[in-house]
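Asker: Each chain is listed here by its residues.
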Amino acid sequence: MTIKSENIYIVEIGLKKGLFDAFGNEVKHSIEELGINGIDSVDVYDVYMVYGDVNFSLVRRIAKELLLDPVAQTMKVYRADKNQKSSNISVEVWYKKGVTDPVAMTAIKGIRDLGIKNDIKINCGKKYEFHTSMIDRTLIELICTKVLANTLIQDYIIKGI
Amino acid sequence: MAKANIIEILNATDAELIEISKKGLLSLTLDEMKRIQKYFLSAGRNPTDLELEMIAQTWSEHCFHKTFKSRIQFTEIIDSNSPVMEEIPSLFSLIKQATEKVRKNWCISVFKDNAGIIQFDEDYCICFKVETHNHPSALEPYGGAGTGIGGVIRDVLGAGLGAKPILNTDVFCFAPLDTRHEELQEGIFHPRRLFKAVVSGVRDYGNRMGIPTANGAILFDPGYLYNILVYCGTVGIMPRWAVNKKVKPGDLVVVIGGRTGRDGIHGATFSSASLEKDIPTSVVQIGNPIVEKKVLDALMTARDEKLYSAITDCGAGGLSSAVGELAQHCGAVVHLDKVPLKYQDLKPWEIWVSESQERMVLSVPPEKFNRLKEILESENVEYACIGKFNSTGKIKIFHEKDIVGELDLKWLFQKSELPVLKALYEKRETVNIIPENINLEETLLQLLSDSNIASKEIVVRQYDHEVQGHTIIKPFGGIDGCSASDAVVLAPIYGNDRGIVVSCGINPWYGMLDPYLMAGNCIDEALRNIVACGGNPDRTAILDNFCWGKIDDPFELGKLTRCVKGCHDYAIQYKVPFISGKDSLNNYFTKVDGSVVSIPGTLLISAISVIDDVRKSITSDFKEASNLIYILGETSNELGGSRFFNVFNLEGGRCPAPHPEISLMIMRKLYRAIKNNLVMACHDCSEGGVAIAIAEMIIGSGYGAEIYLEQMPATTAEPVSLLFSESQGRFIVEVDESCVEKFEKLFKGLPCKQIGRVIPDFRLKVNDRDKTLLDVNGELLKQKWCGAISW
Amino acid sequence: MVKVIILRTGGTNCDLETEWACQVAGASTSRIHISQITTGRVKILDFDILIIPGGFSYGDDLGAGKVLANEIMLKCWEQIEKFREKQRPIIGICNGFQVLVKAKMLPFWGKHTASLVWNESGRFEDRWVNLRVEKSTSPFFNNMPEIIRFPVAHAEGKFVLKSHSLLKKIEKNQQVILRYVNPSGETQGYPYNPNGSIAGIAGVCDEKGLVIGMMPHPERALLRIHLPDWTRLKGQEEFSYGYRFFKNVIEYCS
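Residue numbers (the numbering used here), protein chains in the order written: chain C, 1 to 161; chain X, 1 to 791; chain R, 1 to 254.
None of these hints come from the bench; they were simulated from the model.
This one's a predicted model, so the numbers in the text were calculated from it and none came from an experiment.
Using N, Cα and C, we set each Cβ at its ideal position, and we do this for glycine too.
Do not take every clue at face value.
If you anchor each label on the Cβ, the simulated ranges turn out as follows [claimed, not checked]:
(1) C:Lys64 - R:Glu171: 42 to 50 Å
(2) X:Glu367 - R:Glu251: 44 to 52 Å
(3) X:Lys591 - C:Ser86: 54 to 62 Å
(4) R:Met144 - X:Glu710: 47 to 55 Å
(5) R:Met144 - X:Asp123: 30 to 38 Å
(6) C:Leu34 - R:Ser163: 34 to 42 Å
(7) X:Ser790 - C:Asp119: 43 to 51 Å
(8) C:Asp53 - R:Lys135: 49 to 57 Å
(9) R:Lys135 - X:Asn777: 40 to 48 Å
(10) R:Phe239 - C:Ala80: 54 to 62 Å
(11) C:Ser57 - R:Met144: 44 to 52 Å
Sequences and hints are given; from them, build the entire structure.
Answerer: Listed below in structure tokens is the structure:
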């Protein structure tokens, strides 16, 4: 099945400013263990690719009522084919097709609880945004394969370079 | 719609047969292919792809354990004497023999079921199983370790009519965490990444299952750079009536739990092959613990309502293996189109051998099916009735209207003629050196922060080790919870003080010197850990898990054979039965230049003991100043394979040798002493020797110790040996002055000596006659030991 | 006899020991799967006390407790509201606390004002903590020593509030029931505060004190031999702090 890219939405959930990002901190630590210095900080986001029988307002509703913790998190919903402007380098990591994605299964259950019966598909991933002045693509690739993703089961996409 | 393919083998030449096996990733030998050819010649047709897959899986090393079942011609050359030849009926039979000779009437089911089963009390039994998940964890450490623990939990759920898991254990072997990145070959993950991901995998799966992970070990050695080891164990409890299962013809074949996808295709055949660079994605699996937790919740209710007559887990080989095993003595018809799928484009053979996680297969009497459905639905567990057991002696597999496979079960499970294997063992002479002019204090601190000795608290606290509320002696106790326990003690029934003690013994470094002694030492260590917490050596059962290298190398097989012989001989001498075991062979890596790197042959002994009263159990932290410190057991100059030698980069040396007769006597008396409240604290001496054992007893106590080495019962007077030798069978014991008389009387005639006292100052002071050899502040000991392993 | 409903779902895993603790403290118990409530087979209102125990409901996949919180809000809210109106205790332990907070039951009913987020260490941690019993509106910690010990075992236990003024408000309202402290009773950093909760808050209640939630596990501190250092302790009393807690809750309802 091929899906038209205008019908794929991305939900990005991140921590509110001021809250300590434990995962970002750990990723930074692991990168430093690789011997790569020069990353000031890393922000980690949960990303959900929502597609199938959906439209923008439905995805927003799902994001707001199910995926977001309104006290501690912020969210962003956008169409996958719309480029997001960002001055930072970021990496998205997604499971390859066919790999068990338990979070996605739970998300579908949560969507049904909301009373939404549409045929919706979800892929779950992570997004890492780097605050750094270093723009060496090979180094970012190295970070991807050594820290962020296992290419046997995951794909990564580098953005912002 | 997908159908089965017919594979042309009837007229195939030998070369073609080999090619078919190779191309299909079947891992079948020429002999086996010929046997298959013969079967289908008499059937007058060619096999389907599904049939070949089912045969390959059933006969795989992983499911059939060919190496352990083969006859072995063993040649042993010890101490440059002339070779001794011996024929061994099979490694497996050696292990089994030991259990038969030890003969404990509380062994309920050994080597038969998914797990070994022993009696707990009049109403309950305990089962225990330990598995390895090495190859998958090397490729995808998080998913591999998670599905490793998920798999062994299912083993326990599928033992008898199902046991409730009450404890997980885990033992990992990695290369040192400070391995340089440049040393790594392409495609090999850095040990630190493996370490973190494996721990996280076990943590996330075990914690979500609500099973305490409370015993284990983590070892570091460069020998595990290419192949890590991930052992996962589960202990379960079940009512006595649920020990036996029997499929009844007419029962429904019901699969419950996870859906079937392309996960882990060829896992069974793959797990017996070595690691190569190109691995198909499909062998990697990610688990979903909540699905398994729901299966567990539903099964416990269904079992107690007696809604099924047999059960087994879907492990390696998937449905093929699970249904095949259940139908083995009767027969079954299966409809693959009824199996719930993750996605629709699976071929019949893929459905049949897929190793998708979190599935169990039940044999359900038709009249019980409705009630079972009710339970499964209320717990949100997916299920499907996929066929029926019958008494045809055949398994017949349909996909919609097509027959996609039909095999004679007797033929399929018949023991094939296994080739006689040649094994060779040559013991190398080693020199026993004792380094001179050593700074003892520095050495002690170095040893305390050796990653193999240092505290693993940073890992252990990530596991929920007290969920279910049964954990009585936790992995960490003492002041501030920084004292490590020798074993875990559980009281698995609410309101009942009867309990179990679980521990392990593992030391590959002894194996590098002599696998036979390694076996004895691992058994001794596992038992010591049990007894040190109050366990009963005469009510202890053990499990063996062998992880070995390239097994078609006669020298590797020789080491394994010698190790198994050690297991046999020492189990008999310690009078402990093996109740379950598993082997994981061919843990090796072929480098780019073609050279082969095997792991150090590694034996894990897991031990489980049943005790009357958990309130009698004790911990290793010193309890009160002015109490007396005793040592039990004799010390010899046995520094071979020791952590001490490792610190000084020394090879060889004399490997510690167990003394089963004296050890067992000491352990029996110690068990009695603890039971009679004569012991305040007890710790076994293992890696790092007496010095490390006493330092560890100090760290969690806030007190200190003053020790007089010349008091130690020993065959050596060398301080280095007295402090760091790893002689077996030794304990450090804290005794209250008021109990001294009774205590000493109990150990009369055995090596038992007072070697010092607990002092109020937080420090370790060691004297040899009138000389002070060591005087180290407790905070420093604590800092070195607690802070060595970072996350 | 006081009747306790222990509400569970896929991934709940402290239901059995919580049930046992309630029974020891003198209540009758039912462990009920939420599917029994949403299908109307069992009614929460038939019970005196509602406990949501620890675990990983739905794997905590979309944030700890979130999916179960939604399910409760969407499918059995009416019953829950009535239950509260009738002044019957609602208790959330660990994952249950996360559920209550995310279902807008704590610290203020009907509002998203707080959350439990990832431990600052980024790791799940099981350790025993010292807890200072605060002067609160909740009657369930009466007759307790000033400092008690329970274990925590969680990954997402860092208590945060939507705004700083809310902290003053819940403190003024006496809605803080437990704080992580060091052995001498002072709030401190890691490991005494195992997750980085603001002001060391380990548990809170609503204004009336009958809806309470806490990250630590009282059901794992029922007996003396549950304490991690019981082999060092001189006393011989059978029960520990957790028993007192359950006893208080059940006596309140008797």
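Asker: Any hints from earlier that this structure breaks? Give me their numbers in increasing order, please.
Answerer: Numbers 1 and 3 - these are the hints that the structure violates, sorted from lowest upward.
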